[in-house]
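*Asks:* Line by line, the protein sequences give chains A and B.
Take 205 as the starting number for the first sequence in the numbering used here and just add one per residue.
Take 8 as the starting number for the second sequence in the numbering used here and just add one per residue.
Worth flagging that the hints you see were computed from the coordinates, not collected in a lab.
These numbers come from a predicted model, not from an experiment.
Be a bit skeptical, because a hint or two may be false.
Said to hold, decoys possible - With a straight-line cut-off of 27 Å between C-alpha atoms, the simulated BS3-like cross-links for lysine-lysine are:
#1 Lys-109/B <-> Lys-314/A
#2 Lys-356/A <-> Lys-216/B
#3 Lys-314/A <-> Lys-87/B
#4 Lys-258/A <-> Lys-220/A
#5 Lys-220/A <-> Lys-87/B
#6 Lys-232/A <-> Lys-216/B
#7 Lys-287/A <-> Lys-92/B
#8 Lys-109/B <-> Lys-13/B
#9 Lys-455/A <-> Lys-13/B
#10 Lys-286/A <-> Lys-96/B
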Amino acid sequence: MSERNISVTLKVWRQKNASVPGAFEIYKVDSVSTSSSFLEMMDLLNEQLIEEDKDPIAFDHDCREGICGTCSMVIDGIPHGKKALQTTCQLHMRSFNDGDNITIEPYRSKPFPVMRDLIVDREPMDAIMQAGGFVDQRIGAAQDANALPISKEIADKSMDAASCIGCGACVAVCPNASAMLLTSAKVGQLNLLPQGKPEKDRRALNMVRAMDGAGFGNCTNIGECEAACPKGVSLDFIAKMNRDYAVASAKEFFGVVG
Amino acid sequence: MSSLGKKYIMALSGLALVGFACGHMVGNLQMFLHPDWINEYAYKLQHLPYGLLWVVRIVMLTCVVAHMVTAVMLVIENYKARPEKYVAKANLQASFASRTMKYSGVILLAFIVFHIMHFTVQNIHPEFLHLETTLEGVGTIHHVYDKLLPLDRTTVHDVYSMVAHGFSLKFWYVSVFYIISMGLLCFHLMHGISSMFQSLGLRNDLWRKRLDRVALAAAVFVFIGFASLPLAGLLGIIEPITPLIASH
Ligand code: HEM
Ligand code: FES
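Only chain A is shown next, with the shape it has when bound in the complex (with noise of 0.2 Å):
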């Protein structure tokens, strides 16, 4: 696709800090590259803003490439944008058309509230880490390769899982601002691996605890995180962790936590 320029008018949701109300406010934006990134855009804006001696829009960025989670912005409803697999970093100007209205939100929902901006404190989702996200066991140096063999499905499956960069995207698009989705991702990864098995059953069950001690929603099966997540971290992870969350219910109350 030839590189073209366009204009944007955006609708972006400004707030001074977490105590105070927020509101919208409508920027144009003329002479945008289809080749630039959305970030990028929203940086051409700062510049503009700056110039006209205004405050910048404050958002969260880092590594711009996709891998580290950071950017959170909801776009036309939709967090990191309307394409499928990608996080608003790597979401292109392209996607758009010269003249399009742009809506601009943080993140809502209740353990995530708005620090600046679209700036949320995202906070909670490690204290779901710290419940039960890491293993417990002195590894030592790295071992050889085949001393623990572990399958390929299983080795797959848990990649998978893996993926999740932490975004919070799932909570966001959820009508039901649940953390299912991430909170299964990272009980998955773990208690697929062999390494990850003696703490399998008090995993499922304080990372569960953390979530649900954070504020989030519960799941209702809808699948929206699904197809919002920009790894693509699948449904079957939730019910994974559905059922290792019920076996260790049921293994606790006979007092035999794994």
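With chain A held as given, fit chain B with the ligands onto it using these hints.
*Replies:* Frame of chain A; chain B with the ligands shown alone:
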């Protein structure tokens, strides 16, 4: 209770309700046979040994209450988890049925209450209580209490005529309400029957697609089975064998 605990309750109580609904629906279809079929069936259900009828009623009531109370808790929690809504909210792929579970559920509850008042308690039309007919010594009623009762003619409640009157053209709005409610049940089950496998962790990518189809087929099957009776009433296909005597 944990979020997953609530989902397990939704799924298990939903499963019991689905099982009941399927059995109830097939039982009802006897309305399309000779009146003796449904009348004898109803008589036997009413006279099940060991208070089994009440056991089933209490189990079903418990399931409805558990399903409803848990649904209300889930809906409130979900509402609180997103205090500020999006101004632009896109829908990526969620089905209409999955997004309207709470609405279809609430109307179903109203339906269940009305339905029990209509045909079980019969206080919507108290004259239904006086519909009676006789059955000739039929079936296995002899064996119900493990003793042989000589059974030539038994006076039984004429359930066939009660349903036929209930769905007669005179009460066309009742039939319409039944058909609409069954349509909503169909939507509720289109999502619910597949969703309960996910809640219990008994689904994967391959089976999700299959179960979605099973759910659709089962939901449509239940809809056709249930809706056929009020529809037959509207079309005048089923006619009462006992006339209604207005009560004073
Ligand atoms: C009493 C009135 C009812 C209410 C208020 C109600 C409400 C709900 C709600 C809110 C859900 C959860 C939706 C979700 O997670 O997306 C649900 C799920 C479900 N309902 Fe109902 N419902 C009612 C009656 C019924 C009946 C009569 C049946 C069956 C014949 C039924 C079968 C199911 C099933 C199978 C599920 C799926 C459970 C799961 O997701 O694991 N419900 N209901
Ligand atoms: S900035 Fe790292 S994923 Fe977008």
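*Asks:* Look at each hint and say if it fits the structure.
*Replies:* Consistency of the hints with the structure:
| no. | hint | result |
| --- | --- | --- |
| 1 | Lys-109/B <-> Lys-314/A | holds, 21 Å |
| 2 | Lys-356/A <-> Lys-216/B | holds, 24 Å |
| 3 | Lys-314/A <-> Lys-87/B | holds, 7 Å |
| 4 | Lys-258/A <-> Lys-220/A | holds, 13 Å |
| 5 | Lys-220/A <-> Lys-87/B | holds, 23 Å |
| 6 | Lys-232/A <-> Lys-216/B | violated, 44 Å |
| 7 | Lys-287/A <-> Lys-92/B | holds, 22 Å |
| 8 | Lys-109/B <-> Lys-13/B | holds, 15 Å |
| 9 | Lys-455/A <-> Lys-13/B | holds, 18 Å |
| 10 | Lys-286/A <-> Lys-96/B | holds, 12 Å |
Checked against the numbered hints given earlier, the structure breaks only hint 6 and satisfies all the rest.
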